[in-house]
Every structure is written in structure tokens, then in C-alpha cells.
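Assemble chain B onto chain A, guided by the hints.
Here's the letter readout for the chains.
Number of protein chains: 2
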Amino acid sequence: MNPQKKNPLELRPIGVIRSKIKERSKAPKQGSEGAPDVWLEIYPFTAPALDGLAVGDELIVLTWLHRAHRDTLKVHPRSDPKRRLTGVFATRSPDRPNPIGLHQVTVRKISKNRLRIGPLEAIDGTPVIDIKPVLCEIQKR
Amino acid sequence: MNPQKKNPLELRPIGVIRSKIKERSKAPKQGSEGAPDVWLEIYPFTAPALDGLAVGDELIVLTWLHRAHRDTLKVHPRSDPKRRLTGVFATRSPDRPNPIGLHQVTVRKISKNRLRIGPLEAIDGTPVIDIKPVLCEIQKR
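Heads up: the sequence lines are chains A and B, in that order. Just so it is clear: in the first sequence, position 25 is 24 by numbering that gives the first Met the number 0, and no numbers are missing. Just so it is clear: in the second sequence, position 56 is 55 by numbering that gives the first Met the number 0, and no numbers are missing.
With the rest of the complex left out, here is chain A (with noise of 0.2 Å):
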């Protein structure tokens, strides 16, 4: 039995993406593979959590894939058709039951509540729900 099924996991975004790259269809798979720069805008309930970042930091930017088809649970890797079906949990399709993205980015410039940082391949509007600094590279702060 789930235990939690009575008791659902809300999430708060606490920011959106705003890029220019509008549908699901033009977004690169990986951030890596040719993702722009976004703004992120942070909602001011949780400005105050943004204190002490900086430009240049390494972060990881989670977002909620809200256009992604949480009831899949098998995919062809890579949208490959050649490539044999395998569990989400093997790949990093955005379709799976809790559609998390994580992304890798780098802080370019920070102005008001409102991080430039990049790349990431998310579209516009898509929910922010974390932020956490990269580990080995900051000394766990």
C-alpha cells in the first residue's frame, strides 16, 4: 500500500522559466545539446532564499515538466524507435510519474529576483520548484 495516498505531496513553485523556446517539440533533449540561456524568475515569497548567490555560481535548477505524460512508464531511449523499450527510471525521458527536470546551469547574472542562467532546455513557463548549489564545487554550503 502507498501511504501517502491519503496525504498527497503538494509542490509550490517557487519560480517559472521564462525562454525563448515555446513548445515541447524545440526543445533539445539535454541542456547540453544546444539549450539557451532562460531567465528564471523567482517568486517574492521566496526571494530571501536566493541570499547568497552569486554570478558564476554552478547550480542545479529543478523544475515540474508540466507537459509531460506521467502515466508512461516504458520509452524508447532517445525518442529512438531502434532503441528496445526500457523503464523511465533508466532514462532521463521528462515522461515519467513524478515529471522532475534537473538541470545543470551556470549563474550569469543575477538582477533583482529575476537569475539569467543557462543552458537549459525546459520551455517557457515551465514551474521551478528548487535550486541547489552543485556540490563539489562549493564546499558544501
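Hints in this document: simulated from the structure, not taken from any laboratory. Keep in mind that a hint or two might mislead.
[Stated by the list, open to error] The calculated DSSO-like cross-link candidates involving lysine-lysine, where the alpha carbons are at most 27 Å apart (straight line), are:
| # | chain 1 | residue 1 | chain 2 | residue 2 |
| --- | --- | --- | --- | --- |
| 1 | B | LYS73 | B | LYS21 |
| 2 | B | LYS108 | B | LYS21 |
| 3 | B | LYS25 | A | LYS73 |
| 4 | A | LYS81 | A | LYS19 |
| 5 | B | LYS25 | B | LYS73 |
| 6 | B | LYS28 | B | LYS108 |
| 7 | A | LYS73 | B | LYS111 |
| 8 | B | LYS111 | B | LYS21 |
| 9 | B | LYS73 | A | LYS111 |
| 10 | A | LYS28 | A | LYS108 |
| 11 | A | LYS108 | B | LYS73 |
Same frame as chain A, now just chain B:
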């Protein structure tokens, strides 16, 4: 305005951590700081998504740190009162608006719907919300 406010994002736990660590106060701050191996019990509805995982794989496990404080926006890094208050997005504190834990682990054993993985610092009973392969080591599958 937060456009998601009327349409909250709900996570479906895909499994649960079974660990000898029972309390948050006994957990190391990072997996690399002496954390044990644990069992990850996958719920039956999502078991097909494991297909393709193998012993020795390096994975990123995403957990929901259910004992964390979601209203905390600043912390003293590493719980060290001598370090200045810092925004949680510049730290790996479990206390943050969406308390998602990221854990890089190795698969030690697979037994039907249970994965033996480690090291992992989350406490017994922690919900698991996603599993992803580490990209750089698996050639983008």
C-alpha cells in the same frame, strides 16, 4: 502572481526508503559522510519503470524529505551558528520550500521491486519520488 496557486502540483510517491537511520538527528548531512546502504522499496504500480536498471549503475534518487521545515528561507550553513545566515537555495539544507533530496548512489543489488542502494542519508520511511541515471556515465540513454 503565482499561476500555479489554484492548480497545485501533486507528487505521487513511487517508493520508500528503508534504513537503519530512524531519526533526522542521527542522519549524516550528505551521503558521502558515512551514510549507510538502504533498501528502496518500489511500489507495484511503477515497477515496470525499473526495467533496464542493473547492479553497478550510478543513479540519482530524488526523495521527499518529509520531516523538513518548508517555511525556512535562510539557514546557517552546515548548522554552524558561526556561519552567516544564507538563503536556502545557496545551501543543501533539507529545510526549503520544496524539500526534495538529491542522492547520488550506486545500485548494489536488485531483488524484484527492491533496490539495495547507497550511500544514502535519508531516514527510514522517506518517500521516494524519482530515479534517474547519472548522465555523464551512461551516454545519454
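Results of checking the hints against the structure:
1. At most 27 Å may separate the alpha-carbon atoms for a hinted pair to count; LYS73/B and LYS21/B meet this at roughly 26 Å.
2. Restraint check: the Cα-Cα separation between LYS108/B and LYS21/B comes to about 22 Å, which is no more than 27 Å; the hinted pair holds.
3. At roughly 37 Å between alpha-carbon atoms, LYS25/B and LYS73/A are farther apart than 27 Å, so this suggested pair is violated.
4. Only pairs whose Cα atoms come within 27 Å are accepted, and LYS81/A paired with LYS19/A is rejected, the gap being roughly 31 Å.
5. Of the supplied pair hints, the one linking LYS25/B and LYS73/B holds, its CA atoms being roughly 22 Å apart against a limit of 27 Å.
6. Proximity of LYS28/B to LYS108/B is assessed by CA-CA distance (about 24 Å); at most 27 Å being required, the pair is judged to hold.
7. Note on LYS73/A and LYS111/B: the hinted pairing holds, with a Cα-Cα distance of about 17 Å set against a maximum of 27 Å.
8. Restraint check: the Cα-Cα separation between LYS111/B and LYS21/B comes to about 24 Å, which is no more than 27 Å; the hinted pair holds.
9. At roughly 17 Å between alpha-carbon atoms, LYS73/B and LYS111/A fall within 27 Å of each other, so this suggested pair holds.
10. Simply put, LYS28/A and LYS108/A have alpha-carbon atoms about 24 Å apart, close enough for the 27 Å limit, and the pair holds.
11. Restraint check for LYS108/A and LYS73/B: satisfied, since their Cα atoms lie roughly 21 Å apart, inside the 27 Å limit.
When each numbered hint is compared with the structure, violations occur for hints 3 and 4.
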